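Novice: Sequence:
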Amino acid sequence: MRRDSFKLLIVAGIVAFAVLYGMELASHGISTVYGPMDSPTVAEDPASAEEDWTLPPRRTAPDAFGGAAAVQPEAPYPWGGQEEPVIPRNDRIPVVDRISGKTAEVLHGLSSGGIRFVVSLFDKMTGS
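All residue numbers for the sequence shown refer to the numbering used here, where the first residue is 136 and numbers rise by one.
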C-alpha cells in the first residue's frame, strides 16, 4: 500500500508540474501576441467612437525655393486610380485557414490522446 501511494504521489507531482508548465507557456504565448497583461486598458469613450474620421489632404514635397508645400487636389477615387478596384472572390477557404484548421485538429487529437493516457495511468495505479 505504501509503495502504491508513493507512485501515485510521484505521478501527481509530474502532472502538476506539466499543468503549471503548460500554463506558463500559454501565458507567455498570449503576452507575446497581445502584449503584457499588466498594462491598464483605456476604456473607449462612446462619444468619440461615433465621430467620423477624415484624412487630412495630401501634400507634395516643398518646392525648390523652400516655400510651403502645395495641397494636392483630390483624386476621383481614394486609391488614386481611374478604374474600380478588383474585389476578391470569397468562394473558397483561404490556405491559411485550411492549414490552421488541420493543425487544430491534430493538436486536439494529441491532447485527447494525452488525457486518455494520463487517465489510464491513474486507473492502473489505483487498481480500479
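Hints are computed from structural coordinates only; laboratory data are not their basis. If you're wondering where the values come from, they're calculated on a predicted model, not measured in any experiment. Hints may contain errors.
[Unchecked claim] Distance ranges between label pairs, derived from CB positions:
{"#": "1", "residue 1": "G248", "residue 2": "S140", "range": "21 to 29 Å"}
{"#": "2", "residue 1": "V221", "residue 2": "L256", "range": "34 to 42 Å"}
{"#": "3", "residue 1": "P229", "residue 2": "I149", "range": "38 to 46 Å"}
Note that beta-carbon positions come from the ideal geometry of N, C-alpha and C, so glycine has one too.
Novice: Hints first: check each against the structure and report whether it holds.
Specialist: Hints, verified against the model:
For G248 and S140, the Cβ-Cβ distance of about 27 Å falls inside the hinted range of 21 to 29 Å, so the restraint holds. About 57 Å separates the C-beta atoms of V221 and L256, a value inconsistent with the hinted range of 34 to 42 Å. Take P229 and I149: their Cβ atoms lie about 40 Å apart, and the range 38 to 46 Å holds.
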